[in-house]
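Peer 1: Protein chains in written order, with this note's numbering: chain W, 1 to 203; chain S, 1 to 218; chain V, 1 to 249.
No wet-lab data here; the hints were simulated from the structure. Keep in mind that this is a model prediction, so the values were computed, not measured. Treat the hints loosely; a few may be bogus.
[What the hints assert, rightly or not] Listed below are the simulated DSS-like cross-link pairs for lysine-lysine, each with C-alpha atoms no more than 25 Å apart in a straight line:
{"id": "1", "chain 1": "S", "residue 1": "Lys-10", "chain 2": "W", "residue 2": "Lys-94"}
{"id": "2", "chain 1": "S", "residue 1": "Lys-10", "chain 2": "W", "residue 2": "Lys-114"}
{"id": "3", "chain 1": "W", "residue 1": "Lys-94", "chain 2": "W", "residue 2": "Lys-114"}
{"id": "4", "chain 1": "W", "residue 1": "Lys-94", "chain 2": "W", "residue 2": "Lys-120"}
{"id": "5", "chain 1": "S", "residue 1": "Lys-153", "chain 2": "W", "residue 2": "Lys-94"}
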Amino acid sequence: MRVEDLGCQRGGVPVLEGVSFTLAAGEALALRGPNGSGKTTLLRTIAGLQPPAGGRIELAEDSVAYGAHADGLKATLTVAENLAFWAAIHACDKVSEALEAFELRPLATRPAQKLSAGQKRRLGLARLLVTGRPLWLLDEPTVSLDADSVGLFGRAVRAHLSAGGAALIATHTDLGLEARVLDVTAFAATGGPAPGGFAEAFA
Amino acid sequence: MSALLLRDLKLAVRAGGGFGLGLAFFLIVTVLVPFGVGPDSGLLARIAPGILWVGALLACLLSLDRIFQLDWEDGSLELLATAPIPMEGVVLMKALAHWLSSALPLVLAAPVLGVLLNLPTAGYGWLMLSLALGTPALSMIGTFGAALTVGLKRGGLLLSLLVLPLYVPTLIFGTEAARRGAEGLANATPLLMLAGITAGVTALLPFAAAAVIRVNLR
Amino acid sequence: MSIWEYANPRRFMGWSAPLVPLFSALAALLIALGLVWGFFFTPEDYRMGSTVKIIYIHVPSAMMAINIWVMMLVASLIWLVRRHHVSALAAKAAAPIGVVMTLIALITGAIWGQPMWGTWWAWDPRLTSFLILFLFYLGYMALWAAIEDPDTAADLTGMLCLVGSVFAVLSRYAVNFWNQGLHQGATLSLDAEENISDVFWLPLLVCMAGFGVLFAALVLLRTRTEIRLRRLHVLEARDRTGRKGSGEG
């Protein structure tokens, strides 16, 4: 995956510009930067949820698994049913591996609404495994996880990388990964008008 | 995509409320009408197809804002947008799930309520046929409306304001088909128009609704 | 230079500034001329008496009610395809004018209908269609008002306008099917046998032109206001992010 001179905007206001990096199979890249610096915006842009304000994203089609703040869980479905749904959507059959990797097996028949915040988060992360997608885009994945669960997650990411996957992770926690660090504050937009936006048309 | 349909139906069943509430609303509206217009059975028989159609339409409207709202709040909609199924397919499945869980029970309950309103015997079949042909259009149009208002905090009322004018043609042809059938008149034209509207909106509105969802996710 | 250059907000502000007073004056002139001519210098209709004179308001406003929706549809399409902000803002600016025109048409119609048909309101296809059009305008404006992000609002209202137009046409046919109606047919087409005579036709034409120019003046004025609001929005957004604005016009 390669990103070249990418510009991102949030609500019509440019946030990042000139973002360039490459990410090869087996690599992880940690996004750093204070709150509001554009990490989420960058991840959403790469995931294709919002149009880039400029530049290019080279990415194989259907290769992205996006892990947002919200886990996309249904309260009345059980843990296994939630995973089975996303597995079916992605035509991928790894539900039991995902349950094992995040030690959710004992909770498999429990409705998601009865899980603790950390357990929900683990289920949300287990969802990544059943997508079968090579590139993980993770937004603060370790929020509300205890130390053990962070360890589980680190192991899952390492397994993913060694299987030829890649990960782009916005996080403040050290996951024990050999990840390069990309500081998004270096790409903060300098206040020029948004390309194609309304402001430019005044110039 | 069938997984999405099955999940939505499962959620509708588990959450309860869903179609139960719609049906109860339909029943109450139908019961209120004789209180409003008087117990004259001749008058009730004459207006029964219209009352039942309007009642079914309003009952359908009740559950529209839940089509995308819950998926929006818990992040599922974003994840579905990055999933390998096209957003148009998601929209179509959502509309189908809404029809199966909210509108189909109304179609099946309509004849029972027809008894309360003294609907002529000839009218029962036509009423059900017109509802069966027309309610899918109501679900599909409503899904488009729900897509428009998904990002809004209090979209429910706005949703009604946007969707109700769009329901006019369906309502007109639906009641005409049912009324003419009940009065023993030829009703092939309104039935065909009704089927045409349903076919047309099912073919075209998923594209519009999917485009709108993508804008709302931005 | 391409014609689309005129849609650049800065250029638009430039060329539209002198047109607003010009169009306003022209509209006032035409409407005054048409109304005075129509009210005082035309004979009374042998059937309808002096009530017929309300057509000098009723017909132009009804015509504009439909034309404005069509203009909004075109503007929305231009926005959705070419992303010209002025186009989206013009559609937004036109809607309240359209809703007022629809309301005028409905009210003058009721005032005219009362002595003619003996009722203020009848579920006649034309009347009903205008009522539905009124609801479409309301929904469109409500959607604009409900969405905060201006580009999102422009996209969503554009789609609503597109879908709504299809349903408006469909409703028109449905309503015709539903009730055949009492409203007289349109008597302004050139080939109709029952055309109204030139005595009425000429002042009416002047009034219609006046309403058209009035709309042009109002929509330009309101679009200019919308553009200024958007500039304010952009400047505020820059202020919030703590950066210096550049090139504010």
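Peer 1: Mind listing which of the numbered hints don't hold for this structure, in increasing order?
Peer 2: Number 5 only.
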